[in-house]
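Construct the complete structure from the given sequences, taking the supplied hints into account.
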Amino acid sequence: MKTDQLSKQGFAMRPLRLDSLEIFEDVVRCGGFRAAALARGVSSSAISQSISALEEALGIRLLNRTTRSVAPTEAGEQLLERLGPALHDIRTAIDDLNQLRERPSGSVRINAPAPAADHVLCPLAFEFMRIYPDINVEIVSDAAIIDIVEQGFDAGVRFGNQLAQDMIALPVGPALRYALVASPDYLRQRGRPDSPQDLLQHDCIRRRFPGGTMVTWTFEKDGEEVKITPQGRLTLSSAHHERQAAIAGSGIAHLFEDYVREDLEQGRVVEVLSDWKKTLPSWYLYYPSRRHTSAAMRAFLAFIRQRR
1 MKTDQLSKQG FAMRPLRLDS LEIFEDVVRC GGFRAAALAR GVSSSAISQS ISALEEALGI
61 RLLNRTTRSV APTEAGEQLL ERLGPALHDI RTAIDDLNQL RERPSGSVRI NAPAPAADHV
121 LCPLAFEFMR IYPDINVEIV SDAAIIDIVE QGFDAGVRFG NQLAQDMIAL PVGPALRYAL
181 VASPDYLRQR GRPDSPQDLL QHDCIRRRFP GGTMVTWTFE KDGEEVKITP QGRLTLSSAH
241 HERQAAIAGS GIAHLFEDYV REDLEQGRVV EVLSDWKKTL PSWYLYYPSR RHTSAAMRAF
301 LAFIRQRR
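Counting from 1, position 132 in the sequence shown corresponds to residue 132 in the UniProt record's numbering; the numbering is continuous, with no gaps.
Since the hints were made in silico from the structure, they are not lab data. We treat Cβ as the ideally placed atom computed from N, Cα and C, and that holds for glycine. Keep in mind that the hints are not guaranteed to be accurate.
Claimed, not checked - Only pairs whose alpha carbons sit at most 35 Å apart, straight line, appear in this in silico DSBU-like list of lysine-lysine:
#, residue 1, residue 2
1, Lys278, Lys227
2, Lys277, Lys227
3, Lys221, Lys278
4, Lys277, Lys221
Stated by the list, open to error - Simulated restraints on C-beta separations:
#, residue 1, residue 2, range
5, Ala75, Arg177, 53 to 61 Å
6, Ala46, Lys221, 24 to 32 Å
7, Arg233, Ser289, 44 to 52 Å
8, Phe303, Leu18, 23 to 31 Å
9, Ile168, Leu87, 47 to 55 Å
10, Ala93, Met129, 21 to 29 Å
11, Gly59, Leu18, 14 to 22 Å
12, Gln78, Asp134, 34 to 42 Å
13, Ala93, Arg233, 54 to 62 Å
14, Pro171, Met129, 17 to 25 Å
15, Asn64, Leu38, 17 to 25 Å
Shown next as C-alpha coordinates:
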(Lines of atoms letter the chains of each structure in order from A; the text may use other names.)
(Lines give C-alpha, C1' and ligand atoms only; values in the text may rest on other atoms or scores of the structure.)
Protein backbone atom coordinates (compact mmCIF):
# COMPACT_ATOMS: atom_id res chain seq x y z
CA MET A 1 0.00 0.00 0.00
CA LYS A 2 1.36 3.43 -0.89
CA THR A 3 2.18 6.08 1.65
CA ASP A 4 -0.57 8.44 0.53
CA GLN A 5 -3.11 5.63 0.92
CA LEU A 6 -1.99 5.05 4.50
CA SER A 7 -2.32 8.76 5.19
CA LYS A 8 -5.85 8.77 3.89
CA GLN A 9 -6.74 6.06 6.41
CA GLY A 10 -5.55 8.33 9.20
CA PHE A 11 -2.27 6.57 10.11
CA ALA A 12 0.59 8.84 11.13
CA MET A 13 3.80 7.47 9.70
CA ARG A 14 5.74 7.71 12.93
CA PRO A 15 7.64 4.87 14.56
CA LEU A 16 5.98 3.48 17.67
CA ARG A 17 8.00 3.15 20.85
CA LEU A 18 7.75 -0.09 22.78
CA ASP A 19 7.62 1.79 26.07
CA SER A 20 4.50 3.71 24.94
CA LEU A 21 2.71 0.39 24.46
CA GLU A 22 3.86 -0.75 27.89
CA ILE A 23 2.62 2.52 29.40
CA PHE A 24 -0.77 2.02 27.74
CA GLU A 25 -0.96 -1.45 29.27
CA ASP A 26 0.00 -0.03 32.69
CA VAL A 27 -2.66 2.70 32.54
CA VAL A 28 -5.39 0.16 31.85
CA ARG A 29 -4.10 -2.30 34.45
CA CYS A 30 -3.70 0.38 37.15
CA GLY A 31 -6.98 2.07 36.29
CA GLY A 32 -5.64 5.57 35.73
CA PHE A 33 -2.77 7.88 34.86
CA ARG A 34 -1.83 8.68 38.46
CA ALA A 35 -1.63 5.03 39.55
CA ALA A 36 0.39 4.13 36.45
CA ALA A 37 2.71 7.06 37.08
CA LEU A 38 3.31 5.91 40.67
CA ALA A 39 4.00 2.37 39.49
CA ARG A 40 6.54 3.58 36.93
CA GLY A 41 8.07 6.29 39.09
CA VAL A 42 7.28 9.16 36.69
CA SER A 43 4.88 12.10 36.59
CA SER A 44 1.23 11.84 35.56
CA SER A 45 1.85 14.39 32.80
CA ALA A 46 4.57 12.18 31.32
CA ILE A 47 2.13 9.26 31.21
CA SER A 48 -0.55 11.45 29.62
CA GLN A 49 1.83 12.75 26.99
CA SER A 50 2.95 9.24 26.09
CA ILE A 51 -0.65 8.05 25.65
CA SER A 52 -1.53 11.10 23.56
CA ALA A 53 1.50 10.50 21.32
CA LEU A 54 0.51 6.84 20.93
CA GLU A 55 -3.07 7.72 20.00
CA GLU A 56 -1.82 10.34 17.52
CA ALA A 57 0.59 7.85 15.96
CA LEU A 58 -2.15 5.23 15.59
CA GLY A 59 -4.74 7.73 14.53
CA ILE A 60 -7.38 6.41 16.92
CA ARG A 61 -8.50 7.01 20.50
CA LEU A 62 -7.51 4.22 22.88
CA LEU A 63 -8.82 5.55 26.19
CA ASN A 64 -11.99 7.25 27.35
CA ARG A 65 -11.02 9.81 29.99
CA THR A 66 -13.24 11.38 32.63
CA THR A 67 -12.35 13.32 35.76
CA ARG A 68 -12.83 10.16 37.82
CA SER A 69 -11.83 7.22 35.65
CA VAL A 70 -9.99 5.98 32.59
CA ALA A 71 -11.30 3.08 30.52
CA PRO A 72 -10.22 1.58 27.19
CA THR A 73 -12.28 2.25 24.09
CA GLU A 74 -13.29 -0.62 21.83
CA ALA A 75 -10.08 -0.04 19.88
CA GLY A 76 -8.13 0.08 23.13
CA GLU A 77 -9.60 -3.21 24.31
CA GLN A 78 -8.77 -4.84 20.97
CA LEU A 79 -5.19 -3.55 21.11
CA LEU A 80 -4.80 -4.64 24.74
CA GLU A 81 -6.05 -8.15 23.95
CA ARG A 82 -3.31 -8.58 21.35
CA LEU A 83 -0.77 -6.51 23.21
CA GLY A 84 -0.58 -8.52 26.43
CA PRO A 85 0.76 -11.78 24.94
CA ALA A 86 3.02 -9.88 22.54
CA LEU A 87 4.65 -7.80 25.29
CA HIS A 88 5.01 -10.92 27.40
CA ASP A 89 6.88 -12.65 24.57
CA ILE A 90 9.13 -9.63 24.12
CA ARG A 91 9.92 -9.44 27.83
CA THR A 92 10.61 -13.16 27.89
CA ALA A 93 12.97 -12.93 24.92
CA ILE A 94 14.87 -10.05 26.48
CA ASP A 95 15.01 -11.75 29.86
CA ASP A 96 16.32 -14.96 28.31
CA LEU A 97 19.39 -12.97 27.27
CA ASN A 98 19.86 -12.25 30.94
CA GLN A 99 20.91 -15.87 31.38
CA LEU A 100 24.08 -15.09 29.43
CA ARG A 101 25.12 -12.44 31.94
CA GLU A 102 27.43 -13.29 34.81
CA ARG A 103 25.07 -11.52 37.19
CA PRO A 104 21.28 -11.42 36.67
CA SER A 105 19.60 -8.03 36.46
CA GLY A 106 16.05 -6.75 36.40
CA SER A 107 13.37 -6.06 38.99
CA VAL A 108 11.37 -7.99 41.55
CA ARG A 109 8.01 -6.62 42.79
CA ILE A 110 6.45 -8.24 45.86
CA ASN A 111 3.18 -7.52 47.67
CA ALA A 112 3.14 -8.36 51.39
CA PRO A 113 1.29 -7.49 54.62
CA ALA A 114 3.20 -5.09 56.88
CA PRO A 115 4.20 -7.73 59.50
CA ALA A 116 5.68 -9.98 56.83
CA ALA A 117 7.48 -7.04 55.21
CA ASP A 118 8.78 -5.75 58.56
CA HIS A 119 10.19 -8.94 60.02
CA VAL A 120 10.77 -11.39 57.17
CA LEU A 121 10.76 -9.92 53.69
CA CYS A 122 12.73 -6.70 54.19
CA PRO A 123 15.67 -8.37 56.00
CA LEU A 124 15.81 -11.00 53.23
CA ALA A 125 15.60 -8.34 50.51
CA PHE A 126 18.39 -6.25 52.04
CA GLU A 127 20.74 -9.23 52.06
CA PHE A 128 19.64 -10.30 48.57
CA MET A 129 20.40 -6.85 47.15
CA ARG A 130 23.92 -6.96 48.55
CA ILE A 131 24.52 -10.22 46.71
CA TYR A 132 22.80 -9.09 43.48
CA PRO A 133 23.63 -5.40 42.96
CA ASP A 134 22.05 -5.32 39.48
CA ILE A 135 18.57 -6.33 40.69
CA ASN A 136 16.00 -3.79 41.89
CA VAL A 137 13.49 -4.80 44.56
CA GLU A 138 10.12 -3.17 45.24
CA ILE A 139 8.08 -4.23 48.27
CA VAL A 140 4.52 -2.95 48.56
CA SER A 141 2.99 -3.28 52.03
CA ASP A 142 -0.68 -4.23 51.68
CA ALA A 143 -2.96 -6.33 53.89
CA ALA A 144 -5.68 -6.74 51.24
CA ILE A 145 -6.01 -9.97 49.26
CA ILE A 146 -5.23 -9.06 45.65
CA ASP A 147 -4.57 -10.69 42.29
CA ILE A 148 -0.80 -10.30 42.07
CA VAL A 149 -0.75 -11.09 38.34
CA GLU A 150 -3.38 -8.47 37.53
CA GLN A 151 -1.63 -5.90 39.73
CA GLY A 152 1.75 -6.52 38.10
CA PHE A 153 3.58 -8.22 40.98
CA ASP A 154 6.09 -11.04 40.61
CA ALA A 155 5.13 -12.55 43.96
CA GLY A 156 3.13 -12.03 47.12
CA VAL A 157 3.40 -13.04 50.78
CA ARG A 158 0.40 -14.37 52.71
CA PHE A 159 -0.59 -17.10 55.15
CA GLY A 160 -0.84 -20.56 53.62
CA ASN A 161 -4.65 -20.66 53.83
CA GLN A 162 -4.94 -17.38 51.91
CA LEU A 163 -3.19 -18.52 48.72
CA ALA A 164 -5.02 -18.55 45.42
CA GLN A 165 -5.06 -21.58 43.16
CA ASP A 166 -2.36 -22.12 40.53
CA MET A 167 0.28 -20.65 42.82
CA ILE A 168 3.62 -22.08 43.86
CA ALA A 169 4.39 -21.33 47.51
CA LEU A 170 7.55 -21.33 49.62
CA PRO A 171 7.50 -20.92 53.41
CA VAL A 172 9.53 -17.95 54.60
CA GLY A 173 10.39 -17.38 58.22
CA PRO A 174 9.43 -19.35 61.33
CA ALA A 175 5.98 -20.20 62.65
CA LEU A 176 4.15 -17.15 64.00
CA ARG A 177 2.73 -16.42 67.42
CA TYR A 178 0.82 -13.49 68.85
CA ALA A 179 1.63 -11.84 72.17
CA LEU A 180 -1.00 -10.08 74.28
CA VAL A 181 0.70 -7.13 75.96
CA ALA A 182 -0.04 -4.06 78.06
CA SER A 183 2.01 -1.49 79.95
CA PRO A 184 2.82 -2.07 83.65
CA ASP A 185 0.82 1.08 84.54
CA TYR A 186 -2.28 -0.18 82.72
CA LEU A 187 -2.14 -3.54 84.49
CA ARG A 188 -1.67 -1.90 87.89
CA GLN A 189 -4.79 0.17 87.31
CA ARG A 190 -7.00 -2.43 85.63
CA GLY A 191 -5.60 -5.77 86.78
CA ARG A 192 -4.45 -8.76 84.73
CA PRO A 193 -6.92 -10.87 82.75
CA ASP A 194 -6.93 -14.55 83.75
CA SER A 195 -8.80 -15.86 80.71
CA PRO A 196 -9.72 -14.66 77.21
CA GLN A 197 -13.25 -13.91 78.43
CA ASP A 198 -11.81 -11.43 80.97
CA LEU A 199 -10.64 -9.29 78.02
CA LEU A 200 -14.24 -8.21 77.49
CA GLN A 201 -13.90 -6.13 80.68
CA HIS A 202 -10.72 -4.40 79.46
CA ASP A 203 -9.77 -1.63 77.05
CA CYS A 204 -8.49 -3.60 74.08
CA ILE A 205 -6.65 -1.86 71.26
CA ARG A 206 -8.63 -2.98 68.24
CA ARG A 207 -7.50 -3.25 64.63
CA ARG A 208 -9.52 -2.69 61.48
CA PHE A 209 -8.41 -4.18 58.16
CA PRO A 210 -8.36 -1.94 55.04
CA GLY A 211 -11.57 -3.58 53.83
CA GLY A 212 -13.36 -2.53 57.01
CA THR A 213 -13.38 -5.85 58.90
CA MET A 214 -12.56 -5.72 62.60
CA VAL A 215 -9.88 -8.21 63.64
CA THR A 216 -10.98 -11.07 65.91
CA TRP A 217 -8.54 -12.38 68.52
CA THR A 218 -8.07 -16.16 68.64
CA PHE A 219 -6.64 -18.11 71.58
CA GLU A 220 -5.89 -21.79 72.17
CA LYS A 221 -5.10 -23.89 75.24
CA ASP A 222 -5.19 -27.65 75.76
CA GLY A 223 -7.07 -28.15 72.52
CA GLU A 224 -9.69 -25.51 73.35
CA GLU A 225 -10.00 -22.57 70.95
CA VAL A 226 -11.60 -19.29 72.00
CA LYS A 227 -12.37 -16.32 69.76
CA ILE A 228 -12.90 -12.86 71.18
CA THR A 229 -14.24 -9.75 69.48
CA PRO A 230 -12.20 -7.17 71.41
CA GLN A 231 -13.87 -4.12 72.89
CA GLY A 232 -12.15 -0.80 73.44
CA ARG A 233 -12.11 2.90 72.72
CA LEU A 234 -9.09 2.89 70.42
CA THR A 235 -9.15 1.38 66.92
CA LEU A 236 -6.06 1.44 64.69
CA SER A 237 -4.91 -0.03 61.39
CA SER A 238 -1.17 -0.41 61.99
CA ALA A 239 0.79 -2.76 64.24
CA HIS A 240 3.36 -0.02 64.83
CA HIS A 241 0.64 2.27 66.19
CA GLU A 242 -0.83 -0.52 68.32
CA ARG A 243 2.60 -1.08 69.87
CA GLN A 244 2.91 2.65 70.64
CA ALA A 245 -0.56 2.65 72.18
CA ALA A 246 0.23 -0.33 74.41
CA ILE A 247 3.46 1.29 75.65
CA ALA A 248 1.53 4.50 76.36
CA GLY A 249 -0.94 2.59 78.56
CA SER A 250 -3.94 2.93 76.23
CA GLY A 251 -4.97 -0.70 76.59
CA ILE A 252 -4.11 -4.31 75.76
CA ALA A 253 -2.63 -4.99 72.32
CA HIS A 254 -2.64 -8.21 70.30
CA LEU A 255 0.57 -8.23 68.24
CA PHE A 256 3.00 -10.58 66.60
CA GLU A 257 5.81 -11.37 69.04
CA ASP A 258 8.39 -9.83 66.71
CA TYR A 259 6.90 -6.38 67.24
CA VAL A 260 7.22 -6.41 71.03
CA ARG A 261 10.13 -8.75 71.78
CA GLU A 262 12.49 -5.90 72.70
CA ASP A 263 9.74 -4.06 74.60
CA LEU A 264 9.15 -7.15 76.73
CA GLU A 265 12.87 -7.47 77.44
CA GLN A 266 13.10 -3.80 78.42
CA GLY A 267 9.97 -3.94 80.56
CA ARG A 268 8.04 -1.36 78.55
CA VAL A 269 5.18 -3.86 78.25
CA VAL A 270 4.16 -7.05 80.07
CA GLU A 271 2.73 -10.16 78.45
CA VAL A 272 -0.58 -11.59 79.67
CA LEU A 273 -2.38 -14.88 78.89
CA SER A 274 0.88 -16.35 77.56
CA ASP A 275 -0.51 -19.86 78.15
CA TRP A 276 -3.28 -19.14 75.63
CA LYS A 277 -1.01 -18.46 72.65
CA LYS A 278 -2.09 -19.88 69.32
CA THR A 279 0.67 -20.89 66.92
CA LEU A 280 0.10 -19.95 63.29
CA PRO A 281 1.80 -21.25 60.15
CA SER A 282 4.68 -19.28 58.70
CA TRP A 283 4.35 -16.72 55.94
CA TYR A 284 4.44 -18.06 52.40
CA LEU A 285 6.02 -16.42 49.38
CA TYR A 286 3.85 -17.34 46.40
CA TYR A 287 4.07 -16.75 42.66
CA PRO A 288 2.18 -17.86 39.53
CA SER A 289 2.81 -21.39 38.29
CA ARG A 290 1.74 -20.59 34.73
CA ARG A 291 3.80 -17.52 34.08
CA HIS A 292 7.33 -17.01 32.82
CA THR A 293 9.61 -16.32 35.79
CA SER A 294 12.20 -13.62 35.14
CA ALA A 295 15.88 -14.13 35.79
CA ALA A 296 15.70 -11.66 38.69
CA MET A 297 12.80 -13.55 40.25
CA ARG A 298 14.54 -16.91 39.73
CA ALA A 299 17.57 -15.54 41.56
CA PHE A 300 15.35 -14.36 44.43
CA LEU A 301 13.61 -17.73 44.67
CA ALA A 302 16.95 -19.54 44.75
CA PHE A 303 18.09 -17.16 47.49
CA ILE A 304 14.94 -17.88 49.54
CA ARG A 305 15.39 -21.65 49.19
CA GLN A 306 18.98 -21.38 50.39
CA ARG A 307 17.88 -19.40 53.46
CA ARG A 308 15.25 -22.00 54.41
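Hints, one by one, checked against the model:
no. : hint                        : verdict
1   : Lys278 / Lys227             : holds, 11 Å
2   : Lys277 / Lys227             : holds, 12 Å
3   : Lys221 / Lys278             : holds, 8 Å
4   : Lys277 / Lys221             : holds, 7 Å
5   : Ala75 / Arg177: 53 to 61 Å  : holds, 54 Å
6   : Ala46 / Lys221: 24 to 32 Å  : violated, 58 Å
7   : Arg233 / Ser289: 44 to 52 Å : holds, 46 Å
8   : Phe303 / Leu18: 23 to 31 Å  : holds, 30 Å
9   : Ile168 / Leu87: 47 to 55 Å  : violated, 23 Å
10  : Ala93 / Met129: 21 to 29 Å  : holds, 26 Å
11  : Gly59 / Leu18: 14 to 22 Å   : holds, 19 Å
12  : Gln78 / Asp134: 34 to 42 Å  : holds, 37 Å
13  : Ala93 / Arg233: 54 to 62 Å  : holds, 58 Å
14  : Pro171 / Met129: 17 to 25 Å : holds, 22 Å
15  : Asn64 / Leu38: 17 to 25 Å   : holds, 21 Å
Violation of the numbered hints given earlier is confined to hints 6, 9; the remaining hints are satisfied by the structure.
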